[in-house]
Amino acid sequence: MAEHDQHHSALPYFAVWVALIALTATTYFTGRAHLGTWALPLALAIAVTKSLLVILIFMHLWEQKGANRLVIATSFVFVALLVSLTVSDVGTRFILATPAGAPFGTDLPAQLEEAGPEHQPPAGRIGEPKGVPQPK
Amino acid sequence: MASEAAAAHGGHDPHLAHHFTSLDRQVDAARLGMWLFLSTEVLLFAGLFVAYSVYRYSFPAAFAASSRTSEIWAGTVNTIVLISSSLTVALAIHFARIDRRMPAVVCLAITLLFALAFLGIKAVEYTTHFREGQLPGAYYHFEQVRLPGASMYWALYFLMTGLHGFHVLAGMTVLSVILVRTWKRYYSSRYYVGIELAGLYWHLVDLIWIFLFPLLYLI
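Note that the protein sequences, when read in sequence, are chains A and B. Here our numbering runs 571 ahead of the position in the first sequence, where the first position is 1. Here our numbering runs 1080 ahead of the position in the second sequence, where the first position is 1.
These aren't lab readings, by the way, just hints derived from the structure by calculation. Small disclaimer: the values here were computed from a predicted structure and weren't measured. No residue lacks a Cβ here, since even glycine has one placed at the ideal position from N, Cα and C. Incorrect hints may have been included.
Stated by the list, open to error - Taking beta-carbon pairs under 7 angstroms as the criterion, some of the chain B residues facing chain A (in silico):
#1 L1112
#2 T1156
#3 I1163
#4 L1167
#5 T1241
#6 L1280
#7 I1290
If we strip away everything but chain A, and leave its shape as in the complex, we get:
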C-alpha cells in the first residue's frame, strides 16, 4: 500500500498549515471590513477552501479509497440541501404568512436604520413591531 512508503515527506503538512493560517488572516480582515452583500459568500468560500485542504491533505482523502470520499461528499451534499431548502422556504414566505408577533422577520425598522443598509431584511418583510417580545 502507498501508506507504507518510507520516503513519505512531512513538507505538504507544513505547506497546508501556512495556507490555512493565510486563509484565516484573509477571512479575519475581510470579515472585519464588512463588505456587505459579498461578505457571507466570501467567508463561506474561504471556509470551504480551508476545509478542502484539511480533508484532502491532513485527513489523507487525496490518497484513499473512493468509498471514503463518497461517504463524506454525500454528507456535505445533504448538509447543503438541508440548509438551502430550509432558508429558501423561510425566505420566500410572503408577508401574510408571517403574522405580527411571529418569531421571524420582525426586526424593528428604527433599529434597522441604525444598523446600516447592508443588514436590511428583504423588502416587504418589515412587519408589525407590535407583539414582538422585547429584550429586557
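Following the hints, put chain B in place on chain A, whose structure we already have.
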C-alpha cells in the same frame, strides 16, 4: 519483528481480528467506518447550522450587532490554535508511519496542549459573556445591543460552541489513550490505524471550527 509477533499469535499478526482475511482489509474497513461516523457528526452539526441560517436570515441586524460584541480576539487565536493542533496530529501520524515512536508521542502531547489552550481561551470567553449578560433567552441582559433576536444569537453561539467544546473534550480523551498506546509500542509502521482514526476525529473538530469562526465572530 512482525514475524516474531505473528509466531506468538499462532501464525497471524496480533492486530488482525479473526473475521478479516488480511490486515489491509481490516484497516480499510476501519477507515470506512470512521468516515461514516464523521458523516453522522457533520449531520449532527448541520441541524444547528440550519437553525443558525434561519435565525440569521430573520434577524440580520441583531446577529451582526451581537457578533461585533463577541470576543473576536479569542475566536481568532483559537482558530490558529486548532489549525496548529491539526498540523501536529498530522505529523504524529506521519512519524508513526515511518516507525519514529518518540516524535509521534511528542506531537500527540503538543496536540493535547493546544486542545487545553483552546478550552482555556474558551473558558475566558464564556466568563466574559456570563458577566456581560450575553446569554440566551430570558437571561439576556446586555445593554449595548437591545434588538429582538440578539438573545437568539447567543443561544446559537452557546449551543454551537458548546457542542464543539464537548467534541474537543472527547477528542482529548481519544488522543490521550492513543498517546499512551503509542508510548507503549502498541503501534508500528505496519499497524497505526488507531492513531490515524483519532487524527481523523481531531481534524473534524478543526473542520467544524473553520465554519463556526466566520459565521459566529465575523458577521
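Status of each hint after checking the structure:
{"no.": "1", "hint": "L1112", "in the structure": "6 angstroms, holds"}
{"no.": "2", "hint": "T1156", "in the structure": "6 angstroms, holds"}
{"no.": "3", "hint": "I1163", "in the structure": "5 angstroms, holds"}
{"no.": "4", "hint": "L1167", "in the structure": "4 angstroms, holds"}
{"no.": "5", "hint": "T1241", "in the structure": "16 angstroms, violated"}
{"no.": "6", "hint": "L1280", "in the structure": "6 angstroms, holds"}
{"no.": "7", "hint": "I1290", "in the structure": "5 angstroms, holds"}
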